[in-house]
Every structure is written in C-alpha cells, then in structure tokens.
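Protein chains in written order, with my numbering: chain A, 1 to 321; chain B, 1 to 207.
Where hints are given, some of them may not hold.
Claimed, not checked - Beyond 12 Å from chain B on every Cβ pair, some chain A residues (computed):
#1 Ile101
#2 His105
#3 Ala119
#4 Ala218
#5 Arg287
To be verified - Derived list of chain A stretches under chain B, where covered just means 3 residues or more per stretch with a C-beta under 8 Å from a C-beta of chain B:
#6 81-92
#7 106-115
#8 132-145
Bear in mind the hints are in silico, worked out from the structure with no lab data behind them.
Each residue gets a CB set at the ideal place from its N, CA and C atoms; glycine is no exception.
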Amino acid sequence: MATIWPYRREECTDIPKLVFNPQTKVDFDGENKIIIIDQDPNLTEFSLSVPLLKKVSNYFGKNSENRKIDYCLVLTNKETRSRVMQKMNQKGSSITTQKSIKIGHLRGKVELNIYAVLANDVKLSSDSFASPANKGTILATWPQSLIYLDSPPDRKGDEFPTEWVAFSKMESTKKYPKAIHYVDLEEPKVFINDDLPIELKNILQGNEGGYIKALREAYLSPVAVDITEQLARHALIDAQRTGGLENLEGSYSKLIETICTLLTGIDDQQEALSELNIIVTDKDPGRFNNIIASTLPLACQQLKDVSSKLNNHAIQKERNS
Amino acid sequence: MKEKIFLVDEDLKIGDRYKSVLASEILLVKTELEVDFTELNSRQNSIFSNNLKREKIDAYIGEALYSAIRNLPSDTLSNERFWQWLTLVRFRKLYELRLKDPISKTQLATLLSGKSLANQNRNFFQRIHNLLKIAYPDGNIEDKFTLGRQLLRNQDAITSICDRELGLNEPFIRKHLEDISNMGGKDTQKYLKKLNAQAQVFLPDYL
Numbered sequence: 001m002a003t004i005w006p007y008r009r010e011e012c013t014d015i016p017k018l019v020f021n022p023q024t025k026v027d028f029d030g031e032n033k034i035i036i037i038d039q040d041p042n043l044t045e046f047s048l049s050v051p052l053l054k055k056v057s058n059y060f061g062k063n064s065e066n067r068k069i070d071y072c073l074v075l076t077n078k079e080t081r082s083r084v085m086q087k088m089n090q091k092g093s094s095i096t097t098q099k100s101i102k103i104g105h106l107r108g109k110v111e112l113n114i115y116a117v118l119a120n121d122v123k124l125s126s127d128s129f130a131s132p133a134n135k136g137t138i139l140a141t142w143p144q145s146l147i148y149l150d151s152p153p154d155r156k157g158d159e160f161p162t163e164w165v166a167f168s169k170m171e172s173t174k175k176y177p178k179a180i181h182y183v184d185l186e187e188p189k190v191f192i193n194d195d196l197p198i199e200l201k202n203i204l205q206g207n208e209g210g211y212i213k214a215l216r217e218a219y220l221s222p223v224a225v226d227i228t229e230q231l232a233r234h235a236l237i238d239a240q241r242t243g244g245l246e247n248l249e250g251s252y253s254k255l256i257e258t259i260c261t262l263l264t265g266i267d268d269q270q271e272a273l274s275e276l277n278i279i280v281t282d283k284d285p286g287r288f289n290n291i292i293a294s295t296l297p298l299a300c301q302q303l304k305d306v307s308s309k310l311n312n313h314a315i316q317k318e319r320n321s
Numbered sequence: 001m002k003e004k005i006f007l008v009d010e011d012l013k014i015g016d017r018y019k020s021v022l023a024s025e026i027l028l029v030k031t032e033l034e035v036d037f038t039e040l041n042s043r044q045n046s047i048f049s050n051n052l053k054r055e056k057i058d059a060y061i062g063e064a065l066y067s068a069i070r071n072l073p074s075d076t077l078s079n080e081r082f083w084q085w086l087t088l089v090r091f092r093k094l095y096e097l098r099l100k101d102p103i104s105k106t107q108l109a110t111l112l113s114g115k116s117l118a119n120q121n122r123n124f125f126q127r128i129h130n131l132l133k134i135a136y137p138d139g140n141i142e143d144k145f146t147l148g149r150q151l152l153r154n155q156d157a158i159t160s161i162c163d164r165e166l167g168l169n170e171p172f173i174r175k176h177l178e179d180i181s182n183m184g185g186k187d188t189q190k191y192l193k194k195l196n197a198q199a200q201v202f203l204p205d206y207l
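Can you build the whole structure from these sequences, using the hints too?
Spelled out as structure tokens, the structure:
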C-alpha cells in the first residue's frame, strides 16, 4: 500500500554517483548496486554526488529564499548495527559529500539514503497541509544505493551443475556443433558448448565487470531462461507421471517451490504449491497443458528478470557516456 | 582474571548440528582478545545457588555481561560466531537456564544469532548488549544500573527497540529510553510505533 505523506514529498529519480578511492576495485552491478571486488579495509572510502532537482530548491515557490534546506546522507549497516548521518554540500546544481566516507570497518551490505530536510522551523503565512513547517521534515528522497563489501562468490554459472563440453564430441549433441547449451535432464546437468569461438568463450568464462559483464549477461541471460524452462517443464511432467509434486526431489523440487507462485498467480507459496499439485494431478489435463504451453515460458522470463538486468547495463552506459 | 575470547569455527546450522552437539565438540578458534568474566561468573554461580527465575536473569546479569564485553572490537561484537561461543560453550549452562525449552527445541536464531536486525536480537546475550549499548554508550553506569535494570525487565522494550532500524539511531532512541523503561508491554509497543511513524516523516536526527 502506498504511503500517503501529510504533504507533497519529492521522489527524485537521479541515481547518486559514487566514486571510490583508486585502491578499491568495484563492480557497478546495475544502476544502484556496487560490489567491492578488492579492497584494503583501511583505505576503503567513497564520495557521493547527485544532481539537485529544481523542484527541491523551489519547494516553497517565491518564499524559497527564507527556507533553509539541509541535504543529508544516511549510511546504514545492519550487520554491524551502525548508522551515520552526514550533511552534504550543495555545489551548483548538485549535492556532494563533504569528505570521503570510510566504510572498510563495516561488513556485508551498506545502505545509502539521501534526504532533503527542512533545516529550521518555519512560520507559514497561511495554514496549509501542503507546506511542511517543522525542522527535520523530509522534503525529498533519492533512490537508495547499496554497497556490498564482501567479495562476491566465484561466478561458476549459477549453483546448478554446469560443465563446458565440446558438443562435437558428445553423442547427444554432435549433430549440433553450433548450439550453445544442452540440458541433461536425467542427471540433471547443464552443458555449455566448448566448441564456441575462443573470443566468445573468453568473455563467457571470464570474471571481469563493466561492459564485458554486460556482454556476458546479454548472452547468458536468455540461455538461463531457456534452461529454467526446460527443467521446470521436465519437473512438472515428471510430477504428473508419478502422481504429484511431493515425488519431486533435489533441484527439481526446489525449482518448482520457487516458481509455483508465478505459475499459479497465487502469492502465498504453500497455497500456490497446493493449487499446482491439484492442477498436476487433475484427470482433465486442460489447465496443466495450458501452464506448460503458455504460462511456463512467461513465468521463467519473470523469474530470471532478464529485462531488468539488461536495462541496468543500459542505464550504466547512459550514465558513463 | 582475563581470559581469551574464542569464535566458533564451524557452521552449526548445517544439519541442525547446534541442536545435538556437545559444547566440548564444537570447533573453536582462539583469538588474541581478552575479557574479564569474573563478575559474570560470580553472578552465574549466584543464579544457580539461589534458583533465580528465568525471567529475572537478563536484568541480573546485564551489567556484568555488558561491562565485560563492551570494549571488544565492533567486528567481534557483530560476528555471530562470537555470540555462538558465548552461548553454546562459555556460558552454556546459564543460557540453558534462560531458555524456555531445551536447546534441541529452541529456534536457530535464539542460539546462533544472525545477520538481520531481528535475528541479532533473538540471542539473549546479544540483545542485552544491543540495548545497553544504547543506554550506556560510554560504558559509564552512573545510575547504579537503574535504567538498564528497568529496560531489561521490559522484554517489549528490548525487542521493540532493537528489532527496528530506528534502534540503530542511538542518540535519538536514547532520548526516549527513560520514558520507555517505565512502560508496560502494550504501551511500549504503542510508543515505539509512534516514534517509527515520526521517523517516516522527519529525519530523526533533527528531532
């Protein structure tokens, strides 16, 4: 449910820009997530800036000169139960941190929120619910940024067993040497074609961030959707054949638990599983066939959220150009 | 007398190992850090000899526990493996007495702590520390522990304050501790809800 503020609050859409010290290696993962890849905790620090919207500075219209607004950065780290508030400086049309902020002593995820607040109590010429008057009132917010301080796990192609194999040499794939991936549904295991050109393999098997990562995700994300769909379809057909979802095991069981809400449109996972089980075991296969043919491909695309991932890279490109 | 601090050196969540493993079988790693648990040991002995009721334990040991560990580095105090050692090894008997059910039937976070604010606050030892850190940030307990004792008798205060993000804003919440310490359970919850609502409209640092 949307929050109804007692007055108009601006929600600025510009993403804050973070700059780290040269010793800290970071990977900008999407529009607002920053993963620290390599750091010296004694040196890890950043500065932050974000454009100032005219709407905020002109909040009080003609009377804006009489109102003082503070811009505050609030840094929260739940793992260490830390919270710091720092006032920011207004420089021209942007606001920036007064000095670099050290974060090497923190752990896990650091949340950054920026607020524009009323710096002093103000007397309004007329009573108005639309005009805040009390010191500390939040006038505007910016999108939250997240910094992940722990090194990311190695990218091994998801937690699902994956192996690079020359398709030209494997019995089930040798007639398809240009194919990208093959799912062995029995094991189950994903094979990726080792016959792919070396330049492409270097990108797919690499660990680099930035545009290389964007390229890697652009290539592998649709593959992940397709693999998920194959596995889920196999699990559902297997459950139908063996008399119910409770007969599924391991990764198949986990996958159906994850995707059941999307397949049924029911938010509660337990209810969704029950409903899906009814569909799977129903003597009339109409609803089951419909899920396999139409809903499953959509659900897998939704689950893997390819468009958001790729759009994050598009936004990053816009910001850097 | 000072003694070395240890950290649990294995994942006790795997296969619910924490439910059955003996204290002597838990893998530990010794740190270079030292603390003095003399007063806490003495309080523990007193609890056993006087059959102190479970619900009075927090207020009785609070000052001794907080004074002993408050100067440890923040990365140790935010390390769940430290709290696991304190709970399942060093003061296991005391902790078992504080529990409502046996260890084998107790929820994971109550014994092993966790990363979320709520889970950091399920472990009895850790939540005593969390709350007293707000009440006595410099460790100077000049009120003969009156405020701390009052707060630790009010379980709703402990959970309502330290489970919420609002509880991380220590200077702000400190201004309200005196009032909260004198409240009953329902009033505490109501009061905290009101503060939480205020924090949605105002930056609490300005209040």
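Here's how the hints hold up against the structure:
1. Ile101: holds (16 Å)
2. His105: violated (7 Å)
3. Ala119: At about 8 Å from chain B, A:Ala119 fails to clear the 12 Å cut-off, so the statement is violated.
4. Ala218: Correct as stated: the minimum Cβ-Cβ distance to chain B is 32 Å, above 12 Å.
5. Arg287: It holds; A:Arg287 is separated from chain B by about 38 Å at its closest Cβ, greater than 12 Å.
6. 81-92: holds (count 4)
7. 106-115: holds (count 3)
8. 132-145: holds (count 5)
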